[in-house]
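*Asks:* Residue numbers (the working numbering), protein chains in the order written: chain A, 880 to 1175; chain B, 41 to 377.
Calculated from the structure, these hints are not laboratory results. Misleading hints may appear alongside valid ones.
Claimed, not checked - Straight-line C-alpha distance at most 27 Å; calculated DSS-like pairs for lysine-lysine:
#, chain 1, residue 1, chain 2, residue 2
1, A, Lys1150, B, Lys242
2, A, Lys899, B, Lys148
3, B, Lys355, A, Lys1150
4, B, Lys214, A, Lys1150
5, B, Lys214, A, Lys1153
6, B, Lys99, A, Lys1148
As the list claims (entries may be wrong) - Have a look at the derived ranges for each label pair, beta carbon to beta carbon:
#, chain 1, residue 1, chain 2, residue 2, range
7, A, Asp969, B, Glu238, 54 to 64 Å
8, A, Lys949, B, Pro101, 43 to 53 Å
9, A, Glu923, B, Pro100, 54 to 64 Å
10, B, Gly129, A, Thr890, 53 to 63 Å
The C-beta atom is built at its ideal place from N, Cα and C for all residues, glycine as well.
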Amino acid sequence: MSTNGALLEVTDLTKHFPIKQGLLFDRTVGHVKAVDGVSFQIAEGETLGLVGESGSGKSTTGYCVLQLLKPTSGSVRFMGRELTELGREDLRRMRREMQIVFQDPYASLDPRMTVGDIVSEPLVVHGVGSRRARRETVRGLLEVVGFNPEYTNRYPHEFSGGQRQRIGIARALALNPKLIVCDEPVSALDVSIQAQILNLLKDLQRDFGLTYLFIAHDLAVVRAISDRIAVMNQGRLVEVGPAAEVYSSPQDEYTRALLAAVPVPDPRKMKERKEERRRVAHVLAEAAEEAALADE
Amino acid sequence: MALLEVKNLHTHFFTREGVVRAVDGVDFELERGRTLGIVGESGCGKSVTALSIMGLIPKPPAKIVEGQVLFEGRDLTELDEGELEDVRGRHIAMIFQDPMTSLNPTLKIGTQLTETLRRHLGMSKDAARKRAIELLEEVHIPNAAARLDDYPHRYSGGMRQRVMIAGAIACNPKLLIADEPSTALDVTVQARILDLLEELRKAHDMAMILITHDMGVVAEAADEVAVMYAGQLVERAGVQDLFDRPEHPYTEALLGALPHVDEEHVRESRLTTIPGRPPNLVDPPEACRFGPRCPYASLNDSCTQVEPQLRELRKGHWVRSAHPASERAGVPAEVGA
Ligand SMILES: Nc1ncnc2c1ncn2[C@@H]1O[C@H](COP(=O)(O)OP(=O)(O)O)[C@@H](O)[C@H]1O
Ligand SMILES: Nc1ncnc2c1ncn2[C@@H]1O[C@H](COP(=O)(O)OP(=O)(O)O)[C@@H](O)[C@H]1O
Ligand SMILES: [Mg+2]
Ligand SMILES: [Mg+2]
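This is chain A alone, in the form it adopts within the complex:
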């Protein structure tokens, strides 16, 4: 663990993507500062919700934490080790402890692999258990996530979005990780299925002591699972705090704009929310796009 007991400690993280132009030879003409100096910590067993408009840098932050993307600069300390300095072999070992669940259960599962192969793949890659033991593990994992273990020989396309997301979660759990980055795991699902998956993630956290970095653009969903909230705007965190505080008294205008945008299933609140929305809309990405068009 790090000195202050956090499982994950991210400091001054940046990730810049080159903007390339040119016909024959790509020339770098500038950089997108997708992540631009981000710092946060997550304690063991805690959920940090990461919210922001699309393009604000949430996924890039998640990928940099897992070292799926190499950060441009900054530090990622996980279980007391500096991930950005690890060699391939050490990193491979650390990967067992951190997994990811993606938004789109359709795109993220290999359509040519059976459910059983998908879930057992991480075990095979890390050489865990015999063939037989792995089969048992897979059955157990599927049971844990509420997916019928009889269906291990079927293919992902035979299942609905919610069922596929369960397959993705079982796979993420296979190596018994400490940290799971959930990148918009319920954004593509219908409300009732979304509720089932959120409940599942909560149960798994309680039962296995999991730590989540939970990324989503829907602030209502994020609130349902997060202890603390980090709000991201254009590559930077504009506000980090306990969920109750961020939601009841947002300090940053951008946070207020995000909150005001969420539709609330209560017709009586409509009017006041629309007024608040108008007051704060100028900080959102679309306002920037409008301003750019107006300047041409």
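Assemble chain B with the ligands onto chain A, guided by the hints.
*Replies:* Using the frame of chain A, we list chain B with the ligands on its own:
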């Protein structure tokens, strides 16, 4: 007379796997200038309902097997393609979830808008151009005259949806059908699109059908609400009454499953879920379609025997269920988690 009256609509798909009863009992009326929200989970028949109204269902495999779509008293299901084309151009317009499917990426925005105007309203080139600029201004696209020469890919999703909306209102339709117009967008952009639609609806005195899977969107934008489940309209009411006193067990469950942004203890509690999944529409349950998932259906009562009909429980509040909430009053709710 209501502007639009949909009566006992049944639209089926005749496929190799069998007859898909995509829309199987939808009834509603829409008055001039009002907004009806149609809400339900994916696959429940919202889009097919809209396409049936517009005469845009793919035939074959689809066919309206029963029912009427009365627009200003005229049954649209009996019109030929030419007459329908005229209705679509001038009286009813539709916008879709993904603006890129309806915007041509190879044509300038100005060209796309002026084409619509010239075809449906027989405007001259200059007049159409002038009107196109006005339309872009109406949907708050800055520097509109310069924008006519832009291609759609320049824009973000929200800005493209505004261009689509400009095209849809070009002919001053009396009815605008918006099928999940904001679903693919960020919530922040969604809010702006909904506000824009509301503004235009008022300015043009249009009626609107707003299709969504999001109860929050309905609460914000609709005057009346129709809830659909497995091809059927299961509840219909004024928006306030629906949210104050939902009657159908499915509507209640849907509202219960929704996480609330202003609820303090959601982190510690579990969300309510609906057990099971919606039925296959080739072979739906014979009596009540929600029966197998309904916490109030018991085997020895009517739920598995008799198909519930839409009935008016109180003024303006219609429900298709043998166990609406107000008739269960006093009965302890044995809702499963
Ligand atoms: N591989 C990449 N190459 C270039 N730019 C990228 C790449 N990935 C993301 N970006 C850019 O970085 C910014 C942040 O993207 P992302 O992290 O995906 O945001 P979010 O997940 O919040 O929607 C965006 O401007 C995006 O276009
Ligand atoms: N071309 C088609 N062939 C067969 N079934 C279809 C076709 N289009 C839609 N359906 C079926 O009709 C039902 C209703 O679909 P739709 O109206 O698109 O749902 P929604 O818009 O509510 O998500 C679904 O069960 C779907 O599978
Ligand atoms: Mg993302
Ligand atoms: Mg649809």
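*Asks:* What hint numbers does the structure not satisfy?
*Replies:* Violated: hint 6 alone.
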